[in-house]
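S.K.: Residue numbers (my numbering), protein chains in the order written: chain R, 849 to 1041; chain F, 117 to 380.
Hints in this document: simulated from the structure, not taken from any laboratory.
Just so you know, these numbers come straight off a predicted model, no measurement behind them.
Cβ atoms here follow ideal geometry from the backbone N, Cα and C, with glycine treated the same way.
Careful, some of the hints might be misleading.
As the list claims (entries may be wrong) - For each label pair, taking beta carbons as the anchor points, the in silico distance ranges come out as: (1) R:S989 to F:N303: 37 to 45 Å; (2) F:Y359 to R:F1032: 51 to 59 Å; (3) R:D1002 to F:L209: 43 to 51 Å; (4) R:A1003 to F:I317: 31 to 39 Å.
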Amino acid sequence: MVSYSSSQTRKLVLLSVLTAIALLMQYLNFPLPLFPSFLKIDFSEIPALIGAFLFGPISGVVIELLKNVLHFLLSGSETGAIPLGQIANFIAGSLFVVTSVWISRKINGIKGMIIGTAIATILMTVLLTIANYYVIFPLYSYLINWTVTGEAKDALIFYGVAPFNLLKGVLLGLLFIPLYQKLFPILSMQVKR
Amino acid sequence: MSKIVIGQYIPGNSILHQLDPRAKLLFVFFFFFLIFLANNTATYLVLYLFVITIILLSQIRLSLFLRSIKPVLFIILFTVILHLILTKGGEALFVTPLFTIYEEGVRQAIFIASRFLILVVMASLLTFTTSSLDLTDALEILMGPLRKVRVPVHELALMMSIALRFIPTLWEETEKIMNAQLARGANLDSGNIFKRLVAYIPIFIPLFLSSFRRAEELAMAMEARAYRGGVGRTKYRMLQYTYKDYFLIVIFLILVLVIGWLRV
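So here's chain R without its partners, still in its complex pose:
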């Protein structure tokens, strides 16, 4: 790291500011109608997506990581030293960001972004449902004596968590694509200067 170019400094600062927006958006969450109210939607994936589209998927993962570390530092976690909620958020967000960027780069234009976010949504939903079923719910029940098992657990995951992630992905895509279409010409000029 002998030569530290000015574009690197610029990237570092831009990613920091995107992290700040992501954290802000994570705090501005709101519950969706018809869903259990601990499932809250927020748009903190949008800044990560923008960072990833400008600088590559790793940048998106870095934003997701820092967002969750800061969230943990600033508000702690209901599961103590193991921030389960933040880890789940990090995995879901990174998965979504990396998949959508990766596919959008294969297929050009707005079509690629639509297909990318759609596949990312499905992938996030499927993998998170599996993770919730086998890892996250059992861990919660171990850490906070959360006694949701059997039918109640199945119902909560298949009618609560799974459709929630699906809807979250769809909403993110619907918000991100028009946003990016408007922002990209201006941002890419600023970044490449």
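Following the hints, put chain F in place on chain R, whose structure we already have.
M.R.: Here is chain F on its own, set in the frame of chain R:
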């Protein structure tokens, strides 16, 4: 929209403020594990006693703690109700046609609520008495060994500091933009979810543009001061452990011993 409290450092000069942020961070981290050892009335009482003592030592108003509990109040109530209804054992205290509340349920509900409360209060104590800059500084040093496996620790810590610095600014900016769009007749709180989504686009666009402009300015300022990464960079404020920080280890060991002795 209500004001959000994040990075809620409260300047002061109490003993807790004087502790080294690294020591505090480590203490809170291990304390979080300690909480999970508590499993009966005596152990929870010890934890309560300890937390109340340090709240008093911190010289921070109690109302601020109540404010930080508010966001997790829902999940506390949710688990309490779950335990009251579902946990069986002991005598039936309260019988309704739909469910029965058992002694064990009440016990578990109180324990879980206590665990949440203590976790939240400890986390807030850390952020109340440590400035966010100190926290990221401490994190950078504690994560230092990761540099060996090529994790850019310095860069990540710097990014966190910058992000923390920008949050209040960006929050103000967001409020301003929202008010500006509301004044133009934007409708943010009604309509179905898709309508609301569309209404947020005119808020996000100026927010991103102005934050990119701010980032640009900061990057330029950093370059003007010849910032070139973490290698060989010196610090304005050096962290130094004192006897008070070593005393934390003693306190922690005492807590472990007492709780290990009292737990079932």
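S.K.: Provide an ascending list of the numbers of those earlier hints which the structure does not satisfy.
M.R.: 3
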